[in-house]
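There are 2 protein chains.
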Amino acid sequence: TFPQKVAEALSSQYGLNVFVAGLLLLLAWAVHAVGAGRSDLLSLLSALMLLQLLWMLWYVRRSRAHRRLIRPKDAHAGARWLRGSITLFAVITIILGGLKVGYFVGFSKCLSATEGVFPVTHAVHTLLQVYFLWGHAKDIIQSFKTLERFGVIHSVFTNLLLWANGVLNESKHQLNEHKERLITLGFGNITTALDDHTPQCNCSPPPLCSAIAYGIYYLYPFNIEYQILASTMLYVLWKNIGRKVDNHQHQKMQFKSSGVMVGAALGLTVLAATIGVVAVYLIRIGRSKTKSESALIMFYLYAIILLMLMGAVGLVGIRIYRMDEKSLDESKNPVRKLDSDLLVGTASGSWLISWGSILAILCAEDHPPYSWYNLPYSILVIVEKYIQNLFIIESIHREPEKLSEDILTLRVVTVCNGNTTALPSSCPQTGGVAGDVPPQGSDAPRAANGSTCLRGGSGNEEEESAWERTPSPACCPRLFQGNARRRVLRNIAAFLFLCNISLWIPPAFGCRPEYDNGLEEIVFGFEPWIIVVNLAMPFSIFYRMHAAASLFEVYCKI
Amino acid sequence: TFPQKVAEALSSQYGLNVFVAGLLLLLAWAVHAVGAGRSDLLSLLSALMLLQLLWMLWYVRRSRAHRRLIRPKDAHAGARWLRGSITLFAVITIILGGLKVGYFVGFSKCLSATEGVFPVTHAVHTLLQVYFLWGHAKDIIQSFKTLERFGVIHSVFTNLLLWANGVLNESKHQLNEHKERLITLGFGNITTALDDHTPQCNCSPPPLCSAIAYGIYYLYPFNIEYQILASTMLYVLWKNIGRKVDNHQHQKMQFKSSGVMVGAALGLTVLAATIGVVAVYLIRIGRSKTKSESALIMFYLYAIILLMLMGAVGLVGIRIYRMDEKSLDESKNPVRKLDSDLLVGTASGSWLISWGSILAILCAEDHPPYSWYNLPYSILVIVEKYIQNLFIIESIHREPEKLSEDILTLRVVTVCNGNTTALPSSCPQTGGVAGDVPPQGSDAPRAANGSTCLRGGSGNEEEESAWERTPSPACCPRLFQGNARRRVLRNIAAFLFLCNISLWIPPAFGCRPEYDNGLEEIVFGFEPWIIVVNLAMPFSIFYRMHAAASLFEVYCKI
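Read top to bottom, the protein sequences are chains A and B. Quick note on our numbering: the first sequence kicks off at 1 and runs consecutively. Quick note on our numbering: the second sequence kicks off at 559 and runs consecutively.
Keep in mind the hints are simulated off the structure, nothing from the lab. It should be emphasised that the depicted structure is a prediction, and the values quoted were computed from it without experimental measurement. The C-beta atom is built at its ideal place from N, Cα and C for all residues, glycine as well. One thing to keep in mind: the hints can contain errors.
[To be verified] Pair by pair, the computed Cβ-Cβ distance ranges are:
#1 A/39 to B/846: 52 to 60 Å
#2 A/61 to B/833: 56 to 64 Å
#3 B/816 to A/535: 46 to 54 Å
#4 B/873 to A/71: 45 to 53 Å
#5 A/289 to B/590: 26 to 34 Å
[As the list claims (entries may be wrong)] Going by beta-carbon spacing under 8 Å, a handful of chain A positions derived as facing chain B:
#6 5
#7 386
#8 523
Please take these sequences and the hints and turn them into a complete structure.
This is the structure we're talking about:
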């Protein structure tokens, strides 16, 4: 047995090697390397999945056998809504697997057997993995047996490879569509050999086959999200191995939908508008030069307005936090650390693309009209993510609002009831205490002690609001402010959540102006720019989904 | 003012944006983008350096003004030998700057002024930065003023951009050499347009100019190491901002050269042999087909033997650690965390190349004779780094040996002197205590308290060894074992240190079989493989230097 740090390095290096080897096989397939075909890649992925399946079965059986032992859990990991959304994505992934089997049956004459084995293995793998994550995502594995470590890291990187495989398939598809559009628009001079992987034989019922191929294309984005979500959950499980947990009680987060009408309504409007814009964009783009240009201008204008709105809302949120200075919760928490690292890291992907656009506009010799919309759009993409990340990072490092609000209520009540003569002078003091109450400092138990009779009813929302109304209005201006503040923050979180879902749609479903506007391709050259976009775009897309997930958590916490 | 986490995100996002924008300008230059020339790139870099200069001047002046305040320091950061080696690299960087100014003067007719401004700015920047790092690398900045944070992160990413610039120049040079060799060997069919940036006019004294160009090429690797070292030191400074330091006394590490004859002699032999092999390789490669093949076979054979030796030695080191189980020091330490992350992260770069070679050999249709040497070489590169990383990570997480040895000596002495009747039964106990003494647990102060009279002389090496001899031999078998163990570990560290320095030389000075053996280029295609190698090689080279630095630290600690 190895000490923890060494065991960590032992397993992480194994995982990195699996990942790197798999990436190179993906690259070999992508560049049509001699001797390395699609079937080799699919065999490797199937083998990795089978290995993970065996390990998961072993782990599940072993923890069943030891189920009487009380084992520590990480309350922050594997939140219920996270497992819910992964289940949703997994269901779509299994449907995708079914379509792929159908595709294989249709083309079975000229496809290798691996094309059939892979989707079946993938479906079984998805099923068992979701079951595994429901039951064990919160586990804190305490034994330093290397088998656990290797199994978890193997699962992380297997899912990452499946993610990379999905991304590559999606990118090839997008690139082919883009090239077809270029051919339509008469840009035959750019190297536009289609990178086509369609099988060389005919499918038995042709309309069904094309329907399946079409369906596969629309389901891929969900599969991609599923794989990356699963690997982040497994990574948290790996980081938690051997961790010492402080028995810090974790508050159950509740989803409450009251009082966020404005945010939700605005957000849903944005969602509907985005779907409309994407539909119009996809219909018009690549049909003719004028239609393409009008589609681009429409998209840029819409995105500029939306991003400005989101940036402004985010700034309001940060401003509200600044008004009420609290020290943040800095305790160790792998989930939170991963969340904020991923936000900043994946935002860098889209910053890369945006800076490329800005540079291209500055360097280009002649500017088509839409390029002047591209400049503010690119700048706003950078600024909006910058602001949004600050808002989310501050939010997830704050203690849930409810705790301090309760303390505040109790304080005010005790001050108002117990010491009526000192009332005017004690008011600023309560305000001050509410302002910088430490999250789990010495104040919390004191407040809790002094109010055992009040506590009983404080779980009830109505009674609590009754309490809030009873003190004299002069005494509690901060209380209402705190409540109003909470409502505003929740509206902000709800609005930003829906906006991020909206902004996930365009790049995931083929509305990619970075390809279509053509300016960057002229300045950087076709190949380099395509490589940059294809490397950075998956992170940019993942950013939106991840930001939405974080904002959902923020919403539940406020 | 922002809370710490938010301030961190605020500044890191700024830094990432600067970096990403700079990278794209580098890319634009590398792919000869329309409208973005070398002068734009150099202007940007000069502007960033000037900004950093201003900030450093402000910081130095301010801390001079407040020099009476006692401020906390991170004892682990900016070790003396690290600052020494950075100074050495900085001196070479300044010489390089001088050569570049000479080059500019020679070609002044057709070079833009930025080509002259850049090296001068760079030299001044290097001078002041080394001064800054000598004085302030250990600082723990406690004020949350954003100006400090922004300044430090700006410095980190400015240095990283300068690193990327150096790497790009070096890669272009290597690629051109490689293409020239291919042309000599008659591979005209691969796209071999030389990517030449030589100015379009004649240099005034031609022999001097070519000498300067030659000199610049040999000094670049040192400049590259300087930039990355500086940015890691600045990154540690940034991570330390606002950190709470536990007053854990840091032991001064000493460089002692006694008792490592074997390791040093073997290591120096390896160093000499490597220089010889690289020289022969560079003379023979690309001259003719047979000469190239013999050079490749010679290099592979040599590297296989060396890597096997290093792997075996590393395994012995790990085995020795396993014999003596101690819990590791898991306290928070940004320097150490960065060190181990960098080891694993940069090793991934060379793993990528090695897996590419392995895949190419497995997929290739016909195998030239040297490819069968390439396979074990590539596998050994992976395995050796795997083992070496485990050894280094375990070493840097152990407390310095001396402390526990001292405790052990004192224990044995007290047991032997104080309780003579219970001597036989207490012996296994001392052994057990020595085996799992916690690094800074409750035992250390107790041992120190009970031995104030002994402590005075324990700094002296001879007296200590006299103490080690006094107890009865039956009582202290572990003690001698500990001393022999320490000697073996030190020999291992010294040997591996010199081996890593040796293995830094070949890729840094143009001995890159990944280019020259041609197999991977045939399988993956010329362009994709060149992109993979050029992206991964800088990390692979940095790995060797970084591993050497870590091993030097390990050597001093043991």
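Q | Numbers of the earlier hints that this structure fails to satisfy, in rising order | A | 1 and 4
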